[in-house]
Amino acid sequence: MSVDAISLAVFQNLFAGVAEAMGATLQRASFSPNIRERLDFSCAVFDRAGQMVAQAAHIPVHLGSMPASVAHALAAFPQMNRGDVVVLNDPYSGGTHLPDITMVSPVFDADGIAFYLASRAHHADVGGMSPGSLPLSTELYQEGLILPPVLLRLSGWLNEGVFTLILANSRHPEERRGDLEAQLAAHRVGEERLTDILIAHGTARAQAHAAALIDYSARLTRATIAALPDGDYAFEDALEGDGQREALIPIRAVVRVRGDAMQVDFTGSAPQVRGSVNAVPAIVQSAVWYCVRLLAEEPIPMNSGCFQPIEVITQAGSVLDPYFPAAVAVGNTETSQRVVDVVLGALAQALPDRIPAASQGTMNNVTVGGANFVYYETIAGGHGASPLGDGLSGRQSHMTNTQNTPVEALEMAYPLRVWRYHLRAGSGGDGLHRGGEGIVREVEFLTEAVVTVNSERRQLAPYGLRGGQPGQVGVNRWVRRRTISALAAKATFRARAGQRLVIETPGGGGWGA
Amino acid sequence: MRVGVDIGGTFTDLITLDAGRLRLHKLPSTPDNPAKAMLDGLAHLAGGLERVTQVAHGSTVATNAILERKGARTAFITTEGFRDLLWIGRQNRPDLYALYPQITPPLIARADSFEVSERLDHEGNVLLPLTGQALGRLAAQVVMGAYESIAVCLLYSFRNPTHEKRLREALVATGAYTPSQIVLSHEVLPEFREYERASTTAMEAYVRPKMSRYIGVLRQKLPPRATLHVMKSDGGLLSAEAVQQRAAHTALSGPAAGVIGALHLARLAGFERIMTLDIGGTSTDAALCVGDVPLATHQQIDGLPLRLRMLDIETIGAGGGSLARVDAGGSLRVGPQSAGAHPGPVAYGRGGTTPTVTDANVVLGRIDPASFLGGRMALDVAAAERALAALGAQIGRDAAAMAQGVIDVVNAHISRALRRVSIERGHDPREFTLVAFGGAGPLHACEVAAELGIPLVLVPPHPGVMCALGLLIADLRVDISQPVMELATTDAIARLRGQQAVLMKQGRLALLQEGVAEAEMRFEVSLDMRYHGQAHELNVPLAGAIVRSFHRLHEQAYGYALPERPVEIVTMRLRAVGALPVPTFAPQPAAPHTPEMPVIDGVRRYARAELRPGARLVGPAVITQEDATTYLPVGWEGVVDGYHNLQLGRAPFHH
Chain A
1 MSVDAISLAV FQNLFAGVAE AMGATLQRAS FSPNIRERLD FSCAVFDRAG
51 QMVAQAAHIP VHLGSMPASV AHALAAFPQM NRGDVVVLND PYSGGTHLPD
101 ITMVSPVFDA DGIAFYLASR AHHADVGGMS PGSLPLSTEL YQEGLILPPV
151 LLRLSGWLNE GVFTLILANS RHPEERRGDL EAQLAAHRVG EERLTDILIA
201 HGTARAQAHA AALIDYSARL TRATIAALPD GDYAFEDALE GDGQREALIP
251 IRAVVRVRGD AMQVDFTGSA PQVRGSVNAV PAIVQSAVWY CVRLLAEEPI
301 PMNSGCFQPI EVITQAGSVL DPYFPAAVAV GNTETSQRVV DVVLGALAQA
351 LPDRIPAASQ GTMNNVTVGG ANFVYYETIA GGHGASPLGD GLSGRQSHMT
401 NTQNTPVEAL EMAYPLRVWR YHLRAGSGGD GLHRGGEGIV REVEFLTEAV
451 VTVNSERRQL APYGLRGGQP GQVGVNRWVR RRTISALAAK ATFRARAGQR
501 LVIETPGGGG WGA
Chain B
1 MRVGVDIGGT FTDLITLDAG RLRLHKLPST PDNPAKAMLD GLAHLAGGLE
51 RVTQVAHGST VATNAILERK GARTAFITTE GFRDLLWIGR QNRPDLYALY
101 PQITPPLIAR ADSFEVSERL DHEGNVLLPL TGQALGRLAA QVVMGAYESI
151 AVCLLYSFRN PTHEKRLREA LVATGAYTPS QIVLSHEVLP EFREYERAST
201 TAMEAYVRPK MSRYIGVLRQ KLPPRATLHV MKSDGGLLSA EAVQQRAAHT
251 ALSGPAAGVI GALHLARLAG FERIMTLDIG GTSTDAALCV GDVPLATHQQ
301 IDGLPLRLRM LDIETIGAGG GSLARVDAGG SLRVGPQSAG AHPGPVAYGR
351 GGTTPTVTDA NVVLGRIDPA SFLGGRMALD VAAAERALAA LGAQIGRDAA
401 AMAQGVIDVV NAHISRALRR VSIERGHDPR EFTLVAFGGA GPLHACEVAA
451 ELGIPLVLVP PHPGVMCALG LLIADLRVDI SQPVMELATT DAIARLRGQQ
501 AVLMKQGRLA LLQEGVAEAE MRFEVSLDMR YHGQAHELNV PLAGAIVRSF
551 HRLHEQAYGY ALPERPVEIV TMRLRAVGAL PVPTFAPQPA APHTPEMPVI
601 DGVRRYARAE LRPGARLVGP AVITQEDATT YLPVGWEGVV DGYHNLQLGR
651 APFHH
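The listed protein sequences derive, respectively, from chains A and B.
According to the numbering used here, the residues represented by the first sequence are 1 to 513, in order.
According to the numbering used here, the residues represented by the second sequence are 1 to 655, in order.
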């Protein structure tokens, strides 16, 4: 089967088009603001062996964790039928945290399974101890409905039992129904598109090019690593408590660059904790791959080839590789950001003139639940300054890129009112180039609601580099009629109508003196 | 005499219609004073400006003001607490994997952004009143800034515009501003989503003064009795006077006129369902029309949202000037970098050394060096060959094979854009005709059509000046929208049916002001609808069983419908159309014949100007004309129809 520079480029377009079409369908047909406005989803094409071929990602944290989902789906259902769709969210079976529901489906040609498709979307509520399913939990069972790989569609027929079970476990079943339908629609569209490609070009040719694309990305990734000076680069940072205790939780990494291969060793990071900041290895891998991808001189198509030259070592039983059923709800959002800070901090020693200072290092997750509603948002912050210039202000950084829900959409849909949403003056770290500014957001609860905040960088500031000052740490406040109380980085409380939550997100670190 | 004038970056195209006869004229643009080329051309073509009675104009003044950041010094005013609305945007960064992420800076600086204490709730009720004291303080600050233009976007002004209106009154009362210098968001875009509304309002304020001056200059130079109309991004014309208050509506008008022209010609030839393919030097525009031009509101310009009704066009950064190279991983990449006008393709001999798509077409003999741009520009074929041979050497290909590879890759990009406008919106490309125009559209159309299974390609008589032709053909259009935000109950729909009379009255008035006679008016009322809870709306005509139509459209677009789920009406829209006299083209009798033609290197060479209706063409062939080249691949055939279009399809081709 002949593959050359030209056909490679053509097939890259074809496979990327499939993932993109799935994403377009999912966004347009979905219901929850979290998917339709914030774009908290990703779609991908996999080969028959479960290797990722192409991805339309909006969220870097999905990057490396999608292959784990497909691997577990295939292990559970090695003989899928035409029209089957496997659904899962179990972090210990290919998931990341429970709100991320992943679907995997086969694409057939006349001879059998030729490819697989996968989609992942963050669903605003999958049950558990607090609305929004990102609780201050101490074991997985408290975080919501656990879905090991199970069939949601069998030979084209919806498995009503599983579907109903998922809806019954959500605080907002109607929204779940719409979002799950949208996800299924994305798979239908992806299947049609990929089938067209198989008919037009032949399965063998498509598969040969899928393999070649994976090799291609591996080559580009190797070239990226080869451009780094060989050496061992170590860095350490910490998480500020697990929601149960405020003690620091160190994350340590040694980045070993040898020629065109890299090993990132997290040995020495803290043991797993009681609270929900544990992250499964797929998340850690995503964060490492993201960091290497940043260094590429030109865009690398995201597929399994990007992962080949990089070995990620985590110790079983650590906060980055916990034993079931450790709580993991915010490992996906907060711990992933810290892993990036640690890996980039290490790489800054290899590339002192290229690596930017630390960005806000948190996603500032806020979930609010009351009678008949569940709302989830993440708040942007300051970006680290770079050798090129100041950091961006008030934008999502690193492992997330979700959009905000417009105030006018939010207030129409939920009993919430936003009073302030502006940049936080002076929060960026000083330096030759200034860190970007964080955001101030003030939200009033119009009815009684359970509020959960999961944030970081409330004590340990985002670092500056090359003499740049750190950014300001973030602040969380609960405003009641007579009192204003400072909240911990991770907190949950029952708000009365008229009370407010004020979040000031961290600024980015400065670069250069 | 009616004239269509399209001012592009490189060329200004004019088309006149005089006593049923079309004449074309292409002359270099004069970017420093865009009106100059237009007036020169008019004087030349018409045999004197005095003979001009109607000018329909496609302007890039607004577009360029935004792209080059040369608009007015503008202030932004919003609700207290939201000063940085334009800066925070939707919170996301444009590129997921940038080591140093960048955003397009908003049009208005943070220092020029102001807050005013006031607040409405989502139903338009006043939570915090706008006090005279707050107004006074704000007015003093704004007057001190000596701005040319002011954009005002208060939360929920689309629900209750009182505060925005009072703000304008207060600023006008200072004596420093006229009402038209103050742009209110509820007038520009009475729809929810504050950032998008603010961005659109800011754009209007930013470009309005410049547009106004430009129109003023043109008006002075044109004969007083000549009408002047300007194309909007939705493909409709509006009088120059009215456009001065709707300047942002012209910002994405560039590709619109071409689609209007293409649809008109396709309909004459009997095709209602078309996809358009407009390939230029740096970009390609694709659109899909089912009987009418498609409209959308989710567009951007330079990364900034502009939420006005405009043609739903998919633009990609691939065109004749796209650069080809082999990357470090061993894959061919074509674009998005472009050779631009300078240095341009290698074959232009202006110092370009990296091969482009145009060079690939030259090497393959698909662009005839002798007749390129009517022979006015010499092409260096040998240089193009050397550049492609050098590239090919990296992957073991000769120049010709490399050139074909470059074409294959750019065609893959173009096919993907066409899939987005068809398959992703629930349409099967095999049921459509591909209308190709722009300088390079007809070069790639047949191969792309083959890839998508499109049975027929239509190349209009003058593919290089479709925009100017579209201007000659376009109707006057006024769009009026009204926020609804209600469930689609029988009562609500009945009420909206009652209200459409009010909307139509407004539309009628606007058309009367445009000088349209009653008999030439047409009104279309539609609703933007979605399932309660969705973010994206589908546009449904206000006729028949509306909710059922919505379910059907949803099923078509997304593959499923939820009949039990409540449906919401977001916006009611009126499109008031005033038909302008349209040039009539009478078909000529087409007598089948096979013209004689030279064959060079196995490829037939047709001169388009010599082809008569009924001529049968056989691929491989190249059909050259001054403004474009058409490539007919092996296994393709074609015929010249009675309107001088080329109709091309796979052999055996039955016209």
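Bear in mind the hints are in silico, worked out from the structure with no lab data behind them.
Glycine is no exception: its CB is placed at the ideal position from the N, C-alpha and C atoms.
Fair warning: there could be bad hints in the mix.
If you only want the chain A side, here are some residues facing chain B, beta carbon under 7 Å, derived [said to hold, decoys possible]:
| no. | residue |
| --- | --- |
| 1 | 3 |
| 2 | 6 |
| 3 | 25 |
- [ ] For the hint on residue 6 of chain A, just tell me whether its beta-carbon gets within less than 7 Å of chain B.
- [x] With Cβ-Cβ at 4 Å, under 7 Å, it holds.
- [ ] Under 7 Å, Cβ to Cβ, is where residue 25 of chain A needs to be relative to chain B, so tell me if that hint holds or is violated.
- [x] Hint on residue 25 of chain A: holds, closest Cβ of chain B at ~6 Å, below 7 Å.
Task: Satisfaction of the residue 3 of chain A interface hint, Cβ to chain B closer than 7 Å - done: 10 Å, violated
In summary, the structure is inconsistent with hint 1 from the numbered list given earlier, while agreeing with all the others.
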